[in-house]
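Given the structure of chain A, go ahead and fit chain F onto it with the hints provided.
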Amino acid sequence: MRLYYMQLMCRLTAMAAVWLFGARCRAGEGPFFVTYTHQMEEPGNLEFSAKSATGNPDRGHPFVATAAEFEYGMTAWWTAEWYLDGQATGSEGALFTGFRWENRFRLLWREHWINPVLYLEFEDIDAADKTALEVVGHDGVQDLTAPNQVARREKQREMEAKLILGSYYRGWTIAENFIAEKNLAHAPYEFGYAAGISRPLALAARPETCNFCRENFQVGVEVYGGLGTWAGFGLRDTSHYVAPTVSWTLLNGTAFQVSPSFGATASSARFLLRFGVSYELAQFGRSVGAWLRGGRQ
Amino acid sequence: MRTRAIVLAGCLLAVAWAGELDLLSRAPGAAMRNPLENDAPAARAGARLYAHACAPCHGLHREGHGRVPPLDRAAIRQAPPGTLFWILRNGSLRSGMPSFASLPEPERWQIIAFLRE
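Those sequence lines, one after another, are chains A and F.
The first sequence begins at 19 in the numbering used here and counts up by one.
The second sequence begins at 6 in the numbering used here and counts up by one.
Hints should not be assumed to be uniformly reliable.
Here's a subset of chain F near chain A, in silico, CB distances under 8 angstroms, partners left out [stated by the list, open to error]:
no., residue
1, Gly-34
2, Arg-49
3, Cys-62
4, Gly-64
5, Arg-67
6, Ser-107
7, Glu-112
Computed, partial: chain A to chain F, Cβ under 10 angstroms [claimed, not checked]:
no., residue
8, Met-58
9, Asn-63
10, Ser-67
11, Gly-108
12, Glu-120
13, Asn-121
14, Arg-124
15, Lys-173
16, Gly-189
17, Ala-222
18, Glu-226
Honestly, the hints are just simulated from the structure, not real lab data.
Cβ atoms here follow ideal geometry from the backbone N, Cα and C, with glycine treated the same way.
Chain A extracted, bound-state conformation:
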């Protein structure tokens, strides 16, 4: 039994070493927080990112909500992600609000003008979740102001599907997402959308290494919002946001993103500030496999 635990400790230490010293590569998701492009994670790579949203809604308390995201390239056409969500609200404390598990499947083998990706997600969160990773149905500022003690009692076990359409044109990344979400316990289907466009500041890389090269910066804008429900489809009483966004990738592969989001309707929060950091470990799966096999490649 003692030998078993020693072996287990060795393997866990090895995995931690892989995590700390494994090969790194550029996190390349672009500057968007809500909109998905058709870019998939490279097979075997693990990307860790933290996406946060902070705001101070009217008739509510200031808050910061964070989603920790682990994205793994299962194959060249299948990417899986795991999210852990939490939030802290002024005068109300901090709490864990749930998890999400999502899968993205690229539907065509080749690159086309428009590239479809199917996104399927199961989420088990409570109504106190304020990460606002998507806006659907009649989501609005009232979801950000409910007291935590009340909101956390409402469980939201939901299935969500997205049709992601992505294109690259002369250095521009253009993406549109159509969202359908269903609470498994009650409530009708809810719909939403997100769209974004972005571009690096330079399309060619410089020969020399530099953190502040223009090609390391991407700028863009995304719009997203709700489209009502099955019973009441449309823009009435829905919230919509316009969000300029910028990302900066360092030489060591760490990427920072920031995006001020401006509410466009009375139902929307007036302002949300999103910020995030991501880091990608190249060939994480292969390294872990080799370590678990005792160093054999």
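Using the frame of chain A, we list chain F on its own:
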């Protein structure tokens, strides 16, 4: 009858798989020329991009690894630039090579300038 169907399906899959492996000879785009051909700074930039985008799988010295083919071979250096460009853009999703269409075109040409050095 059922065994025959299984064998036939297996053969078809094997042919499809072999086709993916032989991507270099099947990829179109041979007529395209690299606008950055023989551009030394572009090749240096390509080396930098290669280290980020390609080396994790193909190796820092292009030596390949397991099922991932090496890129330091004559077939790559002599391949038409347009063919390499097509492969970078589309990848070979069934055999595990992702698409690098997210890289802007000039960066893809820089990588190809490096690979053909």
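Results for each hint:
1. Gly-34: Constraint on Gly-34 (chain F) not satisfied, violated at 12 angstroms.
2. Arg-49: Holds, because the Cβ-Cβ distance from Arg-49 (chain F) to chain A comes to roughly 4 angstroms (cut-off 8 angstroms).
3. Cys-62: holds, 7 angstroms
4. Gly-64: With a minimum Cβ separation of about 10 angstroms from chain A (threshold 8 angstroms), the hint on Gly-64 (chain F) is violated.
5. Arg-67: violated, 15 angstroms
6. Ser-107: holds, 5 angstroms
7. Glu-112: With a minimum Cβ separation of about 5 angstroms from chain A (threshold 8 angstroms), the hint on Glu-112 (chain F) holds.
8. Met-58: holds, 6 angstroms
9. Asn-63: holds, 7 angstroms
10. Ser-67: Constraint on Ser-67 (chain A) not satisfied, violated at 16 angstroms.
11. Gly-108: The hint is violated - Gly-108 (chain A) has no Cβ within 10 angstroms of chain F, the shortest such distance being about 39 angstroms.
12. Glu-120: violated, 18 angstroms
13. Asn-121: For Asn-121 (chain A), the interface hint is violated, since the closest Cβ of chain F sits about 15 angstroms away, which is over 10 angstroms.
14. Arg-124: holds, 7 angstroms
15. Lys-173: violated, 37 angstroms
16. Gly-189: Given a least distance of 4 angstroms, the restraint on Gly-189 (chain A) holds.
17. Ala-222: holds, 4 angstroms
18. Glu-226: holds, 8 angstroms
When held up to the earlier numbered hints, the structure conflicts with 1, 4, 5, 10, 11, 12, 13, 15 and fits the remainder.
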